[in-house]
Amino acid sequence: MIDFVGDVVAWFLDPVNWVGSGGIVSRTWEHVQISAFSTVAAAAVALPPAIWMGHRRRGGIVAVAVVNIGRAVPSFAIIALALPISIRLGLGLGFWPTFLALFALALPPMFTNTYTGIAEVDPALVEAARGMGMTETQITTRVEIPVAAPVIVTAIRVSAVQVVATATLAALVAWGGLGRFIIDGFAIQDNVMVFAGGLLVAGLAIATELAFAAFERRFVPTTTGRSAGEELLVDVTVAPQHG
Amino acid sequence: MIAQAADQPFVRWDWIVDHVDDIWAATWEHIVLTAIAVGVGFVISLALSMLALRHRRAYGPITWVTGILYTIPSLALFAFLVPITGLTTLTAEIGLVSYTLLILIRNIVAGIDGVPASVRESAVGMGYTRRRLFLEIELPLALPVIVAGIRIAAVTTIGLVTITALIGKGGLGFLILRGLNLFYSPVGTTQIVVGTVMSVILAVAVDLSLVGAERAMTPWSRRRSR
Amino acid sequence: MIELTEVTKRFGGTTAPAVDRLTLTVADGEVVVLVGPSGCGKTTTLKMINRLIEPTSGTISIDGVDVTGLEPHELRRGIGYVIQQIGLFPHRTVRENIATVPRLLGWDRARIERRVRELAETTDLGDDMLDRYPSELSGGQRQRVGVARALAADPPILLMDEPFGAVDPIVRAKLQDELLELQRRLRKTIVLVTHDIDEAIKLGDRVAILSVGGHLEQYAPPEELLRAPANDFVADFLGSDRGIKRLSLIRIADIDLEPGPVVPPGTDVDRARAVMAGYDTDWVAVVDGDRMLGWVTNDGLDGRSTIDGVDLEPFVTRLTPNNTLEEALDAAISSHTAIAAVFDGERFLGMITVERISREIVR
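Residue numbers (my numbering), protein chains in the order written: chain A, 1 to 243; chain B, 1 to 226; chain C, 1 to 363.
Bound conformation, chain A alone:
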């Protein structure tokens, strides 16, 4: 056991494992890159309709259905399906199937959490805004979005963390990322590499979570009067699953 820990430490201390196309630095960059692309793309696609539907307070059933379906489809299955689909679309291996899968995975929680956040803005607030003569667009941009901001940021965080976790599986469709160390380690039965890969992946996921939490604390004012605990409860109920 002590030997094993020593081996893992030695693996991290070996410069060879850090540099080059298969090194930690480049694998981390691949991981972060694809996660960021997919999350931003999903946000760009999911948020506008979610905000619009939330403003009209219609489509609650759709929102619930979307997240339930999203949760029922395994992320591993989405990755696996993305590969042949990407090939048939002529997009090839690597980046595109991974992107497609992560994008599809990030949409449901982002959509549903945002929808809920907007739809649950105190109706009295909206009525007051309307009574003061705001247009529907002004109500959305100046009242609903600022008030729902914490929930929307939480929605993005939940999806981002999930995307980072699932990007680990990108190694299976010939993209890099930190998952490579684990998948390759399994293949050549190198437990040290597997374990080191696990540490890197877990570290990145937790770092993502913490970065969002820090961002929220610094830039997003609390508007809902929810305690931190209740806010976390929201994540769990609408977060689909991990990769």
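Calculated from the structure, these hints are not laboratory results.
These figures come from a predicted structure and were not determined experimentally.
Possibly wrong hints are sitting among the right ones.
Which stretches of chain A does chain B cover? Using the computed rule of at least three CB atoms under 8 Å from a CB of chain B, they are [as the list claims (entries may be wrong)]:
1. 48 to 56
2. 70 to 76
3. 98 to 104
4. 164 to 176
5. 203 to 216
Far from chain B, some chain A residues (derived; all Cβ distances over 10 Å) [as the list claims (entries may be wrong)]:
6. PHE4
7. ALA10
8. TRP18
9. GLY20
10. TRP29
11. GLN33
12. GLY59
13. ALA80
14. ARG142
15. GLY197
16. PHE219
C-beta atoms are modelled at their ideal positions from N, C-alpha and C, and glycine is treated no differently.
Given chain A, put chains B and C in place with the hints provided.
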């Protein structure tokens, strides 16, 4: 080889017909892996929840630890366990169980906290002992919230079981992984589709049965005339 | 009999006691109401009786037995308990809710069912109500189920914490009347907490007025409180209209009646007009012994020599000695004569005037 893929069918029905037994075996393994994970997860969660309910100060650390477990990607968790417990069912179950804990504990504690104070006060005022209060009043009233937690935990676990294919288990995930290795051929895509569809059907079926079970167990929450 | 002796309660971390050396005795079969502003410790006091709260010092005994010597849950099974939010079990039917304590006590099924039906009748709940869930009941019905549940094991003592606080005023008045009616038959020992002084006056055989910090300011029957408040706090708490409130507690039988402007048959008109002038009215009633024949206005006497033969009007509003002065005041004012006649059956007893009633208010 890759270029040919576009001309070939995505799903080969004859493969499905020929492999009904395989599919059923994988589904059954999936069910068993899920049931063990949720069952064991529930027992552990119930114990930890009771601890947290009795000593409020324990709730913070319990959710902190289970929250970290929940954040760690499943593949990373398996990576930590394989050097210790090997490519075994135990490894798979430890991982699967750890993902149920946060969801279940949150819901059990929230459910019991949600029992109206007036109900608890009148029960104690009429002479309920602590044990009977928990078993006969608090637990039944928390049932809808607890079942909501079990539903999320079960559906999440059904999804995660597929990933255990990478450590040699996987149920329907095994079909998906085998298909992924043959992704260029219709036999491969067929297996991916079958694994996915079966796993979604399983998730929906389990979810609906839990909803049904909850409705049967909570007749009071259905009737409301005023 | 419930006896509180020098009971003090300090909550953890606070220096000021919530209840300060309270001594209070509740006799068997009486309704005692604890009333006072918020923070006066009335609910704390109530909850110390069934040990939902443990006193810091002092003793509480029931029929001479110190409650701290009993297992809390055993003690509570022998005391009915009703709270404002009622706390019906939402997952159990009305029948099961009522059966709660009998079940805890391990009664057999048949006995429980008998008892449930009996209580449903006592508290005016229809049989069809028994299989419903609490969510299917109105506020008033829930409150009745709460009372039925508290009475289920026939406990000699009933503790009620703001039992009618959550229902609207009309239902509240009705439930209060029902409780008084129930109490007339059952003769329980009831300790009831309220912040509503009118409720206290209406329901209490004795009322304990507490001030912040659990000081007992006065403990007396409502009529005595209103007539002779012990200090400024009590007088303030009762309100400036306490004289009027008191009218609802005094029965006509308790005061002396006046004969009123009455004359016997055969009286001559001049004499009758003199009687009217004496009472400053424009009418006179004719009474034969203790039989009221009716009344006539001054104008009706014009051109007559005696009272005989005039058209007499009957009295429409007839008070009895059992009516309260509040009801008498209402009758006197609305009769435009400022006088109301009191009868015992057909027997005329006398008259009661607004002036006579106002003398009771200022006393």
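Beyond 10 Å from chain B, beta-carbon-wise, is A:PHE219? For A:PHE219, whose nearest Cβ neighbour in chain B is about 22 Å away, the distance exceeds 10 Å, so it holds.
Closer than 8 Å Cβ to Cβ for three or more residues is the test here. Does the stretch 203 to 216 of chain A pass it with chain B? holds (count 3)
Classify the label on A:ARG142 as holds or violated, using whether its beta-carbon is more than 10 Å from each beta-carbon of chain B. It holds; A:ARG142 is separated from chain B by about 34 Å at its closest Cβ, greater than 10 Å.
10 Å cut-off, C-beta based - A:ALA80 kept clear of every residue in chain B: Per Cβ check, A:ALA80 is inside 10 Å of chain B; nearest 5 Å; violated.
State whether the coverage of the stretch 98 to 104 of chain A by chain B holds or is violated, taking the criterion as 3 or more residues with Cβ-Cβ distances under 8 Å. Violated: only 0 residues of the stretch 98 to 104 of chain A have a Cβ under 8 Å from chain B.
Beyond 10 Å on every Cβ pair: is that true for A:TRP18 relative to chain B? holds, 19 Å
Would the least Cβ to Cβ distance between A:ALA10 and chain B come out above 10 Å? holds, 15 Å
Are there three or more residues in the stretch 48 to 56 of chain A whose C-beta lies within less than 8 Å of some C-beta in chain B? Since three or more residues must qualify, the claim that chain B covers the stretch 48 to 56 of chain A is violated, with 0 doing so at under 8 Å.
Check whether three or more residues of the stretch 70 to 76 of chain A sit with their beta carbon closer than 8 Å to a beta carbon of chain B. Answer holds; 6 residues pass the 8 Å Cβ test.
For the stretch 164 to 176 of chain A, do three or more residues have a beta carbon lying closer than 8 Å to a beta carbon of chain B? It holds: at least three residues are needed, and the stretch 164 to 176 of chain A offers 7 whose Cβ sits within less than 8 Å of chain B.
Is the nearest CB of chain B more than 10 Å from the CB of A:GLY197? A:GLY197 is in fact no farther than 10 Å from some Cβ atom of chain B, at 6 Å.
Mind verifying the non-interface call on A:GLY20? Its CB should be farther than 10 Å from each CB in chain B. At about 22 Å from chain B, A:GLY20 clears the 10 Å cut-off, so the statement holds.
The structure does not agree with the numbered hints 1, 3, 6, 13, 15 stated previously, though it agrees with the rest.
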